[in-house]
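Those protein sequence lines, which keep their order, are chains A and B. The end of the first sequence is residue 245 by this note's numbering, with every number in the run present. The end of the second sequence is residue 210 by this note's numbering, with every number in the run present.
Everything hinted at is true.
Quick list of in silico lysine to any residue cross-link-like pairs, SDA-like style, CA-CA up to 20 Å:
no., chain 1, residue 1, chain 2, residue 2
1, B, Lys-202, A, His-16
2, B, Lys-156, A, Pro-57
3, B, Lys-202, A, Thr-42
4, B, Lys-202, B, Ile-152
5, A, Lys-58, B, Asn-103
6, B, Lys-37, A, Trp-67
7, A, Lys-44, B, Glu-206
8, A, Lys-44, B, Arg-151
9, B, Lys-37, A, Arg-77
10, B, Lys-156, A, Ala-51
11, B, Lys-37, A, Asn-76
12, A, Lys-44, A, Ala-27
13, A, Lys-44, A, Asp-18
14, B, Lys-202, B, Glu-190
15, B, Lys-37, A, Thr-72
16, A, Lys-58, B, Ile-100
17, B, Lys-156, A, Ser-59
18, B, Lys-202, A, Glu-11
19, A, Lys-44, A, Asp-9
20, B, Lys-202, A, Phe-17
21, A, Lys-44, B, Leu-208
22, A, Lys-58, B, Arg-54
23, B, Lys-202, A, Leu-33
24, A, Lys-58, B, Arg-178
25, B, Lys-37, A, Thr-170
26, A, Lys-58, B, Ser-94
Read the hints as simulated data drawn from the structure, not as lab findings.
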Amino acid sequence: MNENREHPDFEVLSDHFDGYLSGQDAALVAEHLAVCGSCAATYKTLGSLVAEASELPKSVLPGDDLWVDLRTSLENRKEIVLPSSRSVGGDGAGSTRARHASRRMIALLAVAAVVLILLSSGITAVVLRKSDTGRFARDATPTRVEPGPTNPRALLPAGFRQTENEFNRTIEELQLAVDTQRGQLSPETIRIVDRSLAVVDSAITEARAALLADPNNQMLIDLLSASYQRKLDLLRRTSELGSRT
Amino acid sequence: MSTNLAWKHSTDFMTAVPPANGSPERDDDAQLIERAKAGEVDAFEYVYRREVGRVYALCLRMTADAARAREVTQSVFIRAWDRLASFRGDSQLSSWLHRIAVNEVLVEARSDRRRRARVVLADDQSDEDPGAQVDAPETTGITLPDDTETRIDLEKAISALPPGARTVFVLHDIEGYRHEEISRMTGSAEGTLRAQLHRARKLLMEALSR
Numbered sequence: 001m002n003e004n005r006e007h008p009d010f011e012v013l014s015d016h017f018d019g020y021l022s023g024q025d026a027a028l029v030a031e032h033l034a035v036c037g038s039c040a041a042t043y044k045t046l047g048s049l050v051a052e053a054s055e056l057p058k059s060v061l062p063g064d065d066l067w068v069d070l071r072t073s074l075e076n077r078k079e080i081v082l083p084s085s086r087s088v089g090g091d092g093a094g095s096t097r098a099r100h101a102s103r104r105m106i107a108l109l110a111v112a113a114v115v116l117i118l119l120s121s122g123i124t125a126v127v128l129r130k131s132d133t134g135r136f137a138r139d140a141t142p143t144r145v146e147p148g149p150t151n152p153r154a155l156l157p158a159g160f161r162q163t164e165n166e167f168n169r170t171i172e173e174l175q176l177a178v179d180t181q182r183g184q185l186s187p188e189t190i191r192i193v194d195r196s197l198a199v200v201d202s203a204i205t206e207a208r209a210a211l212l213a214d215p216n217n218q219m220l221i222d223l224l225s226a227s228y229q230r231k232l233d234l235l236r237r238t239s240e241l242g243s244r245t
Numbered sequence: 001m002s003t004n005l006a007w008k009h010s011t012d013f014m015t016a017v018p019p020a021n022g023s024p025e026r027d028d029d030a031q032l033i034e035r036a037k038a039g040e041v042d043a044f045e046y047v048y049r050r051e052v053g054r055v056y057a058l059c060l061r062m063t064a065d066a067a068r069a070r071e072v073t074q075s076v077f078i079r080a081w082d083r084l085a086s087f088r089g090d091s092q093l094s095s096w097l098h099r100i101a102v103n104e105v106l107v108e109a110r111s112d113r114r115r116r117a118r119v120v121l122a123d124d125q126s127d128e129d130p131g132a133q134v135d136a137p138e139t140t141g142i143t144l145p146d147d148t149e150t151r152i153d154l155e156k157a158i159s160a161l162p163p164g165a166r167t168v169f170v171l172h173d174i175e176g177y178r179h180e181e182i183s184r185m186t187g188s189a190e191g192t193l194r195a196q197l198h199r200a201r202k203l204l205m206e207a208l209s210r
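Using the sequences and the hints, build the whole thing.
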């Protein structure tokens, strides 16, 4: 290869720099670089660019201290951390114990459903009371509270948004796991789980709508967090049940 | 994009904040993790103080948006807190966090592209990065007060790259990941990644030669 031959594309030079060319191709490019000032200059500039990039600082501090908000989120999430699946069953003690555990799990799910219904009722009561209070305090016009998911999340308290995002991400992952395990669960279990999920979803929707209408109400934040927590618990336990059966 | 951000290259972050309990200076990663796993937020704060600079640098360079970088950085540490139980110490804590950071940025970018895709854009972009919004360096909210002019120009030019090319350049040429590792993280073929890297390098060389 000499200067009269076709210049290699930039992509070829870049691949050559990274060592991706075969021996023969690499030799041809090296030969060309030795005689072509233009390509050699490009290659040198490429080398300088990569060298400078690799020397850029690996640590850059954010302008604001993120820890305060982060700590709040973590403190809120302490409740979310659930026992891992390792701590529930799985000790190889045999099918009888596993069956008993499954029955206990179904019973637990049934109890959870009742708790969720009570929780939902409580939230409804709070929502109605808040709605009434707000209505009479402002004017006599009825206030329609839109359900949460269609409203801009900016209306939620800033400190809770991050927490809710994390709840939703974890729920999404667990929901996916549960969906893939449905075939391994009994119809009775699926029915209880679905009914419980419907109840807790309703509770979340109501609490969220109430919080959007009254963003500074800590009790509503707690109620909404508790509802998300219930959903997480339910999905996690169902997932554990599915993985054992 | 509106937040002004100074790139403070942290050389003293190890001494920034002493955790509340114990003698964390002597704690190694395993001890810190065990304390954090037990719910000790102060131990996790030490991890945060030690690693936030590296995590934020990655997030900032990959998103080219100071506000988003801060959000993603917070998500990274929340994710790490949630997954502490899965950290077995096979890799270094910093590497583990770095992987989480890369994943979070990529997940956030995918979500952002989906959000943008739902919006009908009048001026459709012909670039192969459909969600690419190449911001002029002066609008990224990034100010670079120190180091050499070349370095400043390079940071600005990187922030103006199309997202796909920027991601590969940051991971390959700055963070030192190999194409096969980036392929595993992004789900993109190595050939595609190499093409993105060539494109990024070419665009940067052009930008820096002006």
